[in-house]
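Novice: Throw the hints in and build the complete structure from the sequences for me.
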Amino acid sequence: MEETDVVFLWGSNARAAHPIWFHHLLKGIHNGAKLYVMDPRRTESAQWADVWLGLKVGSDIALSNTMAREIIHAGLVHQEFVSNATSGYDDYKRSVETYTLARGAELTGVPADVIRDAAHAFAKADRAMICWTLGITEHHDAADNVLALINLCLLTGHVGRWGCGANPLRGQNNVQGGGDMGAIPNKYPGFQEITDSAIQARFEKHWNVKLQPNHGWNLTQMLAAMGRGELTSLYVIGENPAQSDADGHHVEHLLNGLDHLVVQEIVMTRTARLADVVLPAAATWCEGEGTVTNSERRVQRCRKASEPPDGARDELWIMSEIAKRLGHDWGTPTGEEVWNEFRTVAPDFAGGMSYKRLEELDGIQWPCPDESHPGTPFLHARLWEKGATRGPAAPFTVVRHEGPVEMPDAEYPLLLTTGRRLESYNTGVQTAGYDSPLHWGEMLDISPEDAERLGIADNEEVRITSRRGTLVAPAHIDRTLRAGLVFMTLHFPDDVATNVLTIDVSDPKSGTAEFKACAVRVERSSVMAGSAHS
Amino acid sequence: MDIRLLDAEPTAEERSAVDAIIGAPSSSWDGGERGSERDAHTAEFGGRATRELRHMLLPLLQAVQARVGFISEGGLDYVCERLGVPPAEAWGVATFYAMLATSPRPRRVVHVCDDIACRAKGAVKLCAALEAKCGPPITHEPEGEHHTLDRDKPAWMHSPCLGLCDVAPAALMVEAGESLTERSIGGATAEGVSALLTGKRVSGADGADQPHVVRSPRISRGGLLERVCKVDPTSLAAYRAAGGYAALAKAFELGAEGVIREVTASKLVGRGGAAFPTGRKWEAVRTQAAQPHYLVCNADESEPGTFKDRVLLTEDPFAIVEAMTIGAFAAGAEKGFLYIRAEYPLAFERMHDAIGQARAAGLLGDDILGRGVKFDIEIRRGAGAYICGEETALFESIEGKRGEPRNKPPFPVSHGLFGKPTAANNVETFANIPAIVLEGGAAFARVGTEQSTGTRLFCLSGTVRRPGVYEVPFGTTLRELIDMAGGVPEGRTLKAVLLGGAAGVFVRGDELDIKLTHEDTRATGTTLGSGVVMLFDDTCDVRDAVLRIAAFFRDESCGQCVPCRVGTVRQEEALHRITSGKTRGGVRGELALLHELGEAMKDGSICGLGQTAYSAVESAITRLGLYAEPGSATA
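These protein sequences, in sequence, are chains A and B.
Counting along the first sequence from 1, when you hit position 115 you're at 115 in the numbering used here, and nothing is skipped either side.
Counting along the second sequence from 1, when you hit position 209 you're at 209 in the numbering used here, and nothing is skipped either side.
Derived by calculation from the structure, the hints in this document are not laboratory data.
Built from N, CA and C at the ideal position, the CB exists for glycine as well.
There's no promise every hint is true.
[Claimed, not checked] Below, in silico cross-link-like pairs of lysine to aspartate or glutamate (DMTMM-like), each with a Cα-Cα straight-line distance of 20 angstroms or less:
| id | chain 1 | residue 1 | chain 2 | residue 2 |
| --- | --- | --- | --- | --- |
| 1 | A | Lys27 | B | Glu52 |
| 2 | B | Lys515 | B | Glu596 |
| 3 | B | Lys420 | B | Glu450 |
| 4 | A | Lys27 | B | Glu450 |
| 5 | A | Lys205 | A | Glu337 |
| 6 | A | Lys187 | A | Glu341 |
[Said to hold, decoys possible] Computed footprint of chain B on chain A; a stretch qualifies when at least three of its residues, placed anywhere within it, have a C-beta under 8 angstroms from a C-beta of chain B:
| id | stretch |
| --- | --- |
| 7 | 34-42 |
| 8 | 47-53 |
| 9 | 99-111 |
| 10 | 147-158 |
Specialist: This is the structure we're talking about:
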């Protein structure tokens, strides 16, 4: 992103949520890149943008499809790339035809000329990229949102080239690494398909066990299975679902209903407090050996810098001991031994990434199949090749605008969207214990117009109520919000459990809940108290 | 940029001062009213277009100052909101410049010069009389009581050199309002200043109007003062009738390389003090691949005792416009900046007017003289900072920042204004250009000496009989120059001459055979500097002048690098201890300390300010023997 011409930062407040990555973006801006930020709020990131497109919450597909139609009608499609390397263009073209600039402006709220200019800038740029985060994925149609953005990249040929591409920004130093290693319900290590019988056979042989042939449950599906009584025991590692998931009251109820809950953690989270067994773990990033994979797929070594506190154990040791109790003696593998096994079972992916090379090259971007391979700075370059090496075509996917499941109405007239602030991290497990001049606790950000209409003063306690729950928090009058939109975070769940408000609908494809949109009512807390007594 | 504003409300006056320069806000995101549907869904503020306006920070702060008399938090906040600049950064800029006030200041303020040249002409007595008559002066960084001061009650304050040393003692009245009123006076008296304070028009003695200029009889024709006080400086027609703009036409015939060839052949070197060959500078800029190129005319004439550039700017403004146009043509620049110090209101007015007339006549703009050459000049006014005469500090100031010098290399020819190749020259340097182009570099080089070609302007001030600007060929002796000006008044003896300004050196009254050339001054350990020749006769307290110089450097140090920031303070303290007789380790000990400080500043400072801050003090010790006289406190 440091050498690109146009950046669409879409559904991401990276300035606050990915501050280190944002510095790289700033280098790109310094080098001349134009920045467009698509976000309902004029966030810190949007304030750096050449153009802010303040779309309505959940209208991302409408915006993307409108841009696509404009690019098509303006003759700005990368014809050569589309015909050589993609499939499904005609269906896609037909599907976006109804998304005229006028309709797009109506669906998204963004003025038509602004949509047009952004579309033209993206299509005409020599290099352009779309970067996104949870503003795209925390919706009930998350996967469709992603596909809508990929469509735009395919349409303009902004993929498989240096300085281009569709880039999800990872929210944690190693969330990518978890997927790499197979800690997802539908892939073996190195993203190898579970349902492919040949691959399955290879893993069964390697591990000398029988493997189940179906996709597992993702977190949302697990919660549903708990509700049905099908899932009765849960082993949670480094996750705090009691506070991080939508409709918090309901999740806590489900966790309490389990037969057996094991939580492996470095701190005593809310979820850990519900557990039957807590396994105190070492903080691997500094108290153990291993690797992490960052947003740009760069696998990096992490090294032990200090001893864990008394009683906390290395996570590999804990899992090996549990395996032993379950009848599988793995011995006491080191991080490097596990990594080398991974390289053996996913050779195309990681074969060339020995600890030695990772150290020599300061990390390697996967895939890296052999020890002479330099790593892969960007993916999908094959799409530009001629002949057979080009491989299968990249498909356009038809996606349609739906909007949020729950829209404001007379009873719940405001739309609540959630996000992060600079100084805090997720449910606060890792940040709440530290002092910061920016720690102001949870607040309800509200537009000056709504605050005035409701008679709310800055910093006044207000009651926020959705169909699922109610809570009290101080209001913060925020000029970056337009009337009708309010904003909260999930950083202080012990004080203000924002997720009692959010809606428990999720994307069937990705399992992500629609944290970004639910309807709420806001009232002055003192008025509430008065009326309750009367 | 994501910034946190102060939430302080600007007054309508502050708002309109800012809007008058950059227009009204275009949306609620840059200071306009909320409520439009468009603003709820889009913003085009904060990106590149906004960042490219960053250089307007200083002009906007100056506009608020000029309208209101000081910059309130609300005014600062509004400027920040309009430009997307963090308030802390804008505060850093506002507090850097002496002419900007961040706490309430009366609308009308008279700055009374008490710098070395004015002191030699009784400024200390003047200030004492003024204090008795009108009360104590206000200070730049006031204590708490100033927050409750009556802003309608005019006040006066001490000022460093106003560049009016030829009519010393001098004062400058500045009155904020709908239109800024500025008025400089020379020959100031307590009565005159008090009349200025009450808003009365002061008759006569507007020193800037009638400068005393003298050309050496050895200059047969031409020279830098040819038109000064003879040709109407407010008329382009008069300038053209006197031969103006023939040089520009000739330059276009010669082409850029031809111009540079002549300038190189003339052996012209910069008159700002560093004496760098002008032809080489322009050639270095011309051949830079990076675009755009800029041209800067340094008219921030702030060296105490210097006023020659003021005279050129006020009396021959079209020559500077023409010369800048030639320079820009040679260096390949389409945009020029003229940076004039805040203390020169008349120079600003004349240059502003001259640039306007030149533009209207097609001598600036997109098609100069119908030759397709493009160039225009923007004037920037300083805001009271000596350091901005240092060229990289001047760039910073034009960019709207604190005037802190940059580390070099890279040099301005490759990384100058806005990081682009920049030809920066002093006013007097430019003034030489038309003649070089017209008559050829060789003819120019025949005047003066082998290594110092052409003529030079000297600023005669202090206790000299006929102060003013004197033009002499290089090679003239200091004695000849002083004799031209009539020497010291009858019956007095010349004790010392300060050569080159506060950053220069003192010589004794018996060292007048020094030839005024770059090579001779170098050989004698003296300097021409900015052309200051300030005389001190036996009625003057030279030690007091040395102290004032030390105070000046302490006050004007930008504070960026330690040797200068700390060194200038310690230097002044040591001099005070000597003067008061409360030395540590005796005078000898203090002199050793001063020497060590001086060496540290010379070796370790980023820019010329720190490097020369000990120069005059050192010469007062070694040449004048000022601290070894009988009667001084000894160890």
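Novice: The structure should be examined with respect to each hint, and the outcome stated for every one.
Specialist: Taking the hints in turn, this is what the structure says about them:
With a CA separation close to 16 angstroms, the supplied pair A:Lys27 and B:Glu52 stays within the 20 angstroms bound. A distance of roughly 30 angstroms separates the Cα atoms of B:Lys515 and B:Glu596; the hinted pair therefore is violated under the 20 angstroms criterion. For the given pair, B:Lys420 sits about 34 angstroms from B:Glu450 by alpha-carbon distance, which is inconsistent with the 20 angstroms threshold. Proximity of A:Lys27 to B:Glu450 is assessed by CA-CA distance (about 51 angstroms); at most 20 angstroms being required, the pair is judged violated.
Of the pairs offered as hints, the one joining A:Lys205 and A:Glu337 holds, with about 19 angstroms between alpha carbons and a cut-off of 20 angstroms not exceeded. The straight-line distance between the Cα atoms of A:Lys187 and A:Glu341 is roughly 16 angstroms, inside the 20 angstroms bound, and the hint therefore holds. With a cut-off of 8 angstroms between beta carbons, the stretch 34-42 of chain A has 3 residues touching chain B; three or more are needed, and the interface restraint holds. Judged by the Cβ-Cβ criterion of 8 angstroms, the stretch 47-53 of chain A is covered by chain B as claimed, because 7 of its residues qualify and three suffice.
Coverage of the stretch 99-111 of chain A by chain B holds [criterion: at least 3 residues with CB-CB distance below 8 angstroms; count 4]. Counting residues of the stretch 147-158 of chain A whose beta carbon lies closer than 8 angstroms to any beta carbon of chain B gives 0, which falls short of the minimum of three for the stated coverage.
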